[in-house]
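**Student:** Residues per chain, in single letters:
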Amino acid sequence: MTWVNDVLQGIFLGGAYALTAVGLSLMFGVMRLVNLAHGDLAVCGTYLATTVMAMLGVPLWAAMLIMVPLAFLLGAVLQVSLFDRALHSGPTAPLLVTFGLSVIIENLLQQIYSANTRGVAAGRLDVATAHLGGLVLPWLALLKLILAVAVIGGLSAMLRRTTWGRRVRATSDDLAIARLQGIRVRPLFASVTGLAIAAAALAGTLNAVTTGVYPTLGALTLIFAFEAVVIGGLGSLWGTLLGGMLLGVTQVVVSQVSVPYATLASQLLFLVVLAVRPQGLLGTAPAAD
Amino acid sequence: MSGPVLEVRQLDAGYRDFQALFGVSLELARGETVALVGANGAGKTTLLMTIAGALRPWRGRLALDGADVTGQPDYQRARAGVVLVPEGRRLFGSLSAEENILVPAGRRQSGPWTLDALYELFPMVAARRGHRAGLLSGGEQQAVAIARALAANPRVLLLDEVSLGLAPAVVDAFYETLPAIQASGVSILLVEQDIDRALAASARTLCLLEGRVALAGDSAALSRDDLIAAYFGVPA
Chain A
1 MTWVNDVLQG IFLGGAYALT AVGLSLMFGV MRLVNLAHGD LAVCGTYLAT TVMAMLGVPL
61 WAAMLIMVPL AFLLGAVLQV SLFDRALHSG PTAPLLVTFG LSVIIENLLQ QIYSANTRGV
121 AAGRLDVATA HLGGLVLPWL ALLKLILAVA VIGGLSAMLR RTTWGRRVRA TSDDLAIARL
181 QGIRVRPLFA SVTGLAIAAA ALAGTLNAVT TGVYPTLGAL TLIFAFEAVV IGGLGSLWGT
241 LLGGMLLGVT QVVVSQVSVP YATLASQLLF LVVLAVRPQG LLGTAPAAD
Chain B
1001 MSGPVLEVRQ LDAGYRDFQA LFGVSLELAR GETVALVGAN GAGKTTLLMT IAGALRPWRG
1061 RLALDGADVT GQPDYQRARA GVVLVPEGRR LFGSLSAEEN ILVPAGRRQS GPWTLDALYE
1121 LFPMVAARRG HRAGLLSGGE QQAVAIARAL AANPRVLLLD EVSLGLAPAV VDAFYETLPA
1181 IQASGVSILL VEQDIDRALA ASARTLCLLE GRVALAGDSA ALSRDDLIAA YFGVPA
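From first to last, the protein sequence lines are chains A and B.
Its first residue numbered 1, the first sequence is counted upward by one per residue in our numbering.
Its first residue numbered 1001, the second sequence is counted upward by one per residue in our numbering.
It should be emphasised that the hints constitute simulated quantities derived from the structure, not laboratory data.
All figures in this text were calculated on a predicted structure; none of them were measured in a lab.
C-beta atoms are modelled at their ideal positions from N, C-alpha and C, and glycine is treated no differently.
Any given hint could turn out to be false.
[To be verified] Partial list, derived from the structure: chain B residues whose beta carbon lies under 7 Å from chain A:
#1 A1052
#2 G1071
#3 Q1072
#4 D1074
#5 L1084
#6 R1090
#7 F1092
#8 G1093
#9 L1095
#10 V1103
#11 P1104
#12 R1132
#13 D1172
#14 F1232
Turn these sequences into a full structure, and let the hints steer you where they fit.
**Tutor:** This is the structure in structure tokens:
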């Protein structure tokens, strides 16, 4: 039974990874943009939520209702002001620009909030658990998993069924021709990045309830998000969920044997997938062109 | 309106430091089909890309129904009714055939080309509507590409080498649908390698040579020898 419990905890952890990573996957899938500041932007969302809580004296859920739309706006503004230009400036420009943004964000956060770890209080949600047979289900972890599935399912449905989604997919296939068919790319990309950053900020804040938050947390966040995306398959949203879960399960199960080896095991999983199936589990092999 | 739908005046255009067009002028009347012929590298595709807005002209003027559109970006040009069927078709490969046709539909000008009308014109597209565009045959892809352009109910349709790489029977099938497209009142600028087809399908023909208009005239009145001379830049 402990074994089942471990796998379950791993799946919950995977939900948290996937919710963080889905925006990275979306932005890469649509724009071929690898956002190295993704984790730092998630951390920005967390600090924003704590600031809103402190200033308005509201609980976490209310602060998040304010923070998530602001994160969307931040993503949209970054896309229009920075990323669009980077995308027009050769293949290495987006990497350099987002790496620079990452450094700027981490240092700004240290200036404003100091380097100390701070907790994010979630009230009763912090420790609430449900017991099911011999299994322990922490409500917070369950919530993250439900949100991950809902966000990924919602984004997939929007991409597949709506006019917006059709335009996004068309632009992802052939940007120049999409423009010649009357699609205005700037607001479309702004909305994509807005959604990506909003999801990351949501995930980052929920994760911080368990782990606390510090200014350089974004780098670590990025690594796990990136691995979830690559294991699952670049640009595949459900793949990202699967990748996150495999990472989570590996980590939790191995940590039962040896805690120091848990992180190593998840990196090894990443390497094995890269070696055996570089396009990722649900990714399609690149077209031969 | 009596004036031309599309007016191109003294257009210079090119890529970076390479000039591809030198003082090109042309007019397209409502419902008129003009054929554009010329050797490879004569500037046909550059002219179409510039009219569609994908390239900003260096000098000269573009007007649509008398209104200056020279500086208008590509997506606005498309919405204003100038739509390109690009060389090599360039469908959105991961979308279904029907989704490809629906891409411009959100901005649809009212007009004759509803989805039903397009399926009537291209029954083979209707049969393949749910298939991924990237997996269709060349002829099917070409039909989808033309349907996608027509779905915007354009005023000006720019057709770039629609018969390139297609089997002769498929090309015949396309030219059989052309009269129905012309009858809808759209003006067409048709780039075609096959001079006989170009002359037969158009009211007027324009021949480009090294970026300049070498010959222009009524398709019925042009002599084949003159056209070939203009095409290759040598006296016949």
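**Student:** Give a verdict on every hint.
**Tutor:** Tested hints:
At a threshold of 7 Å, the smallest CB-CB gap from A1052(B) to chain A is about 6 Å, leaving the interface hint in force. At its closest, the beta carbon of G1071(B) sits 15 Å from a beta carbon of chain A; the interface hint therefore is violated under the 7 Å criterion. Below 7 Å, beta-carbon pairs count as interface contacts, and Q1072(B) has none with chain A, the closest being about 12 Å; its hint is therefore violated. Look at D1074(B): its Cβ gets to within about 5 Å of chain A, closer than 7 Å, so that hint holds up.
For the restraint placing L1084(B) at the interface with chain A, the shortest Cβ-Cβ distance is roughly 5 Å, inside the 7 Å limit, so the hint holds. Annotation: interface hint on R1090(B) holds; nearest CB of chain A at approximately 5 Å, less than 7 Å. Annotation: interface hint on F1092(B) holds; nearest CB of chain A at approximately 4 Å, less than 7 Å. Among the interface hints, the one on G1093(B) holds; its C-beta lies about 6 Å from the nearest C-beta in chain A, closer than the 7 Å criterion.
With a least beta-carbon distance of about 6 Å to chain A, the hint placing L1095(B) at the interface is held under the 7 Å criterion. Below 7 Å, beta-carbon pairs count as interface contacts, and V1103(B) has one with chain A at about 5 Å; its hint therefore holds. The beta carbon of P1104(B) is positioned within 7 Å of a beta carbon in chain A (closest approach about 5 Å), and the interface hint is therefore held. Interface hint at R1132(B): violated, since its Cβ lies 11 Å from the closest Cβ of chain A, which is beyond the 7 Å cut-off.
The beta carbon of D1172(B) comes no nearer than 26 Å to any beta carbon in chain A, farther than 7 Å, and the hint placing it at the interface is violated. Taking 7 Å as the C-beta contact cut-off toward chain A, the hint placing F1232(B) at the interface is violated, the least distance being around 31 Å.
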